[in-house]
Amino acid sequence: MLMKEITKRFPGVVALDNVTFEVRRGEIHGLLGENGAGKTTLMNILYGVYRADEGEILINGKRVSIKSPKDAIKLGIGMVPQHFKLVMAHSVVENVILGLKEFGLVLNLKEASRKIRELAERYGFRIDPKAKIWQLSMGERQYVELLKALIRNANILILDEPTTVLTPQETRELFKTLKKMKEEGRSIIFITHKLEEALTVCDRITVLRRGHVIGTVTPQEVTEADLAKMMVGREVLFRIKREHRKVIIETPILKVENLNVLSDKGVLAVKNVSFEVYPGEIFGIAGIAGSGQEELAEAIAGLRKPLRGKIIIEGQDVTEASPKKIFELGVAYIPEDRIGVGILPNLTVWENIVLRHHRYPPMAKNVFLLDFNEIYGFVNRRIKELNVITSSIFAPAKTLSGGNIQRLILARELAENPRRKTKLIIAVYPTRGLDVGATEYVRKVLLRQRDKGIAVLLISEDLEEILMLSDRIAVIHNGEIMGIVSAEEANIEEIGLMMGGVLKKTSQKVKENPKT
Amino acid sequence: MMAIRIPGTKYAVKVEKRLIVRREIPAIVSIASAIAGILLGGLIFIAVGISPIDVYSRIGRIAISPTALMGAIEIALPIMFTSMALVLPFRMAFYNIGGEGQFEVGAIAAMIPVIFYWSGMDLPQFLYLPIMFMLAFIAGGFWGLLPAFLRAKWRVNEILVTLMLNTISLQLIWWLTTPGGPWNEANPAFKERYLAYLKELGVHLIPGFKGTPVIPEFARLPRIPGTLVNSGILVAIIIAAILYFICTKTLLGYEVRVVGDSERGAMYAGINYLKLVLIVMFISGGLAGLGGFIGITAFLPKLSPEIGVAGYGYAGIIVAWLARLNPIACLLVSFFFGILTKSADLLQQELKISRFIAVGFEGLIFILLVLGDFFVHYKVRLIKVRR
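Those protein sequence lines, which keep their order, are chains A and B.
Residue 23 in the numbering used here is what sits at position 23 of the first sequence, and the numbering runs on without skipping anything.
Residue 1123 in the numbering used here is what sits at position 123 of the second sequence, and the numbering runs on without skipping anything.
Okay, chain B solo, but in the shape it has when bound:
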């Protein structure tokens, strides 16, 4: 509610709060923010002596090049899960910053049958994927239950607990996979079967490498036949649809909204906060854990501290927020995130742009999108000053 007069004119700029935000406004604002980012980015490219036209035409080509798009989806896929995981808890104002940890724990749990396999213990091959799937979900879910329980019982701040749990899970991966660690590929327990497998592939074991043995082909998520796209994307789409349904049509989604708007109001309405937060965080941790499972089976394909370094869990926070906690929008924003990251990679390689400029450009676009939120809630008008 303020008006600032533009010196020397009869006009003033007035900022007003929008009482009701119409549905299309967030989309319009997001697009405008992205355009502003592209323009501002152009200035930066000019400043460092690169032709922005060259840069943007290359990015444009990425967006229509099938292989680059596949790469973008590859980056986006784990983020789709870590962002969708936050839809329910954030809607109930439970700030789960632990997507990263739940993601990592999911990845660790999914590796368990693989480790047994290389140690010489077999299961029927068709069972591996479903078991890994379940283990990842359950492990991530349990990792999410702890902060939920602490918060509901003793009002322990969930942001701190989830953040600390992230550190623990990453340390767990380091410990498991570091040379000499129990899951490191050089562990003598894997010697027989794993060395034979590597020999077949014509690869040698490099000593001192951090990481588990690779996941055998039958335990990896397959590509969608005829494409280069990993079938994890189908899982993501199904989950987005289920989440959307939960948010709009079910008792659970309704109660989550109630708690999110007023915790006291929810208590007064007789909503059992403990029960609700446990359910929501089990789902949330589970989805992030699934992201971990897909992250390792589809791409790396093994467990190594690299999956923690990539920061998929934290990227999920930004994406979920930009998607305004809409699960379907999470898919789209993740994809956009993937394209940007892929572009930054390619710009580095092709134009020899410094990594800092490329990543900085990516950051710029996101900062502008976040700033754009102001315009979703406020309206800026030019008014004539009467005197």
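Here chain A stands alone, though its shape is the one from the complex:
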């Protein structure tokens, strides 16, 4: 497969400039790049979602025209999207054959199930064709997406950041499956921003930056640092320098006791969770996405009423408190859903930064009137402090890049005034989807706040991030805390097993650990 001299322009930007990208039969080809580098655009062109302004696509040396995903599927191209497109209430087999014609008008589900089992066996994974999607783990759902592509005989598979939702063990399993597919002569395009993974699993790696191909390399030729430099265009500090702190166990800022929280579906998402977070520490919660972390964070921020249990902030019971009250106590909340919750996409930068501060003096003159001099001054100071890059404070927030949107949220949440000092930061997937530069920045901000004596509750699915930043680590699986370990004695294998629900440390050990 060859994509030759592809150019794609969007209003105001050239998303892809003369990009040539070649994938050979039977190889795993990594596609690496920061956000906005053009990875997704390039793949969307291959999959027929967009059409290139210039350039051509050749498959097996023949020029092809791909006008829609339908054409792409016919040509044997399959896509496993980053956000799964599955019907939750349907079974595996129903999802897999959705849109296929060969199983008849009256569906021959038995035949389809047999085929699914056969495929799963061939590639070394197990799946129950009758299971409903909502019952499956994220890793299993990924296999369903993969099956969808395989049953359509995809010879070129596109995987868009497939490991984000997996435990280290599941990732390894996936890599085995991918290698088997490769041996059969299928080609796999593996989109990622995790350098280590790219180096382990790929045969060749192409790096994109700002719509240009920087180079195609083999893992033997390069190191992680080389790849990072290719992606960002400058040297990147990999290990942010920090010493693990001895956590001073005195009065906790946040105390969670036997907390039980329901999810939107009414299922118990957080089960009997207890922990404490102390001033000046980063308390990391590791776990695969969707293990109850979001519900836990929302409960602490006051956005979700717990079913049972207690949340205590600086000795005050805030289990039933409103988000407003919790904000006033000095809790900064960096939500998971940046666009839907964290910002007001169509409102301006100033309206976004003054949010939550707008009802207090000096921003508000009284309950009725806003003081615009104060507001603009405040907004400009915050923008400067957090380096938010925007054309103007009157630009809609949605025009900012992902990294700048996160800076904007930090600018708002970390703002202090004489009546409100930041005491606790709840950061939910704070670097998800950010490019290397922005990730580095956000991590530094969190560390800086910790050094000022603020308590940080860090929720992340990126184990490397948790290990890099946290002083203590709790592992969550299916709503339960599987154990709490200090960063020095953290062992990635053990944490992985806990994330997968295989290992649970006894509650005694949990109590011992903070003291080490």
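Derived by calculation from the structure, the hints in this document are not laboratory data.
Wrong hints could be hidden among the right ones.
Just so you have them, the derived chain B footprint on chain A, three or more residues with Cβ under 8 Å [what the hints assert, rightly or not]:
#1 280-290
#2 344-353
Sample of chain B residues facing chain A (criterion: CB under 10 Å; computed from the structure) [claimed, not checked]:
#3 V1258
#4 M1267
#5 I1271
All C-beta atoms in this analysis are idealised placements derived from N, C-alpha and C, irrespective of residue type, glycine included.
Use these hints to put chain B onto chain A, whose structure you have.
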């Protein structure tokens, strides 16, 4: 994001989303849409055998004739209120389709002192207007609170509730004013005073008429001295200014924008949705109710099912939307709406154009204005195809 090649040429038409909509674009697009409507309308007039030049020159004369303009304002005035009423709720994505009902309830409430008057119970005359004013606002406001409360508490769809409330309020008017109804002008309770009043005017009561007794002169909104324009227009202008101020300078306006953009974001910011929606809908219903009060005191001047048939509340939705929820633009668009309606009326009378053509022309202009919205958000360009 698509390009369609024009067959046989080197060009293609390309549609692109505008990332940032510049301020002047909506105005330019609206004017272009109106012009397109006039041109298309011309074709229709030619098709039915009427000279479009004749039609448009007459419309032009209407626009500069003082009496016709007064008529246009007369039609526009209630719509100014029902459209401005929607500015705040629509900005917070609360789709109040109940302007019609709130308008009618306002009209009913404003009639209460009048009914008492004809039944023989007096108040000092100068008190009538302020009391009617307040009653209309409060009644409309309460009519608006119910859907707001249901939505905030149990997420009951506000569109359905407001629509159903519209039916209820109209039925209430029918029941009150129909012959035999408690407020019908032929009710014996009004006999003494009302018949005497009619006699003085030299009018007879027509049996079987739907409607209340007329509002006495001292309880009607006066004209602006020296003009034919009802002083309700001044109230409308003051309210537009207040609303504009609320939208741009106050905490309330800010929080309304926040909720309108993201309800979850607003919850996260600690904004009390229930409190906000109750305030906004009280104001909204109140303004629509004021429209009802002005609708009956200025023109009819009585309560009858006719005010529901006119559809002032629904017209307010179109107007508010075309005005892009800007209260000052609401005044202008309402006025434009008034001119169009007045033109359609006059065309019927003077040129004997069928009512359907005249009203259809009015509809055409509005459909084009609505379609024009596409061009506010998208840009269409001719590009050269390189091959």
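TODO: Could you check if I1271 (chain B) really has its C-beta closer than 10 Å to a C-beta on chain A?
DONE: holds, 8 Å
Are 3 or more residues of the stretch 280-290 of chain A near chain B, judged by a Cβ distance of less than 8 Å? Violated, because only 0 residues of the stretch 280-290 of chain A bring their Cβ atoms closer than 8 Å to Cβ atoms of chain B.
Worksheet entry | Interface restraint verdict for M1267 (chain B) against chain A (beta-carbon cut-off 10 Å) | holds, 7 Å
Requested in this report: Would you settle whether the hint for V1258 (chain B) is holds or violated, based on the nearest Cβ-Cβ distance to chain A being less than 10 Å?
Outcome: Holds, because the Cβ-Cβ distance from V1258 (chain B) to chain A comes to roughly 6 Å (cut-off 10 Å).
Do three or more residues of the stretch 344-353 of chain A come closer than 8 Å to chain B, measuring C-beta to C-beta?
-> holds (count 5)
In summary, the structure is inconsistent with hint 1 from the numbered list given earlier, while agreeing with all the others.
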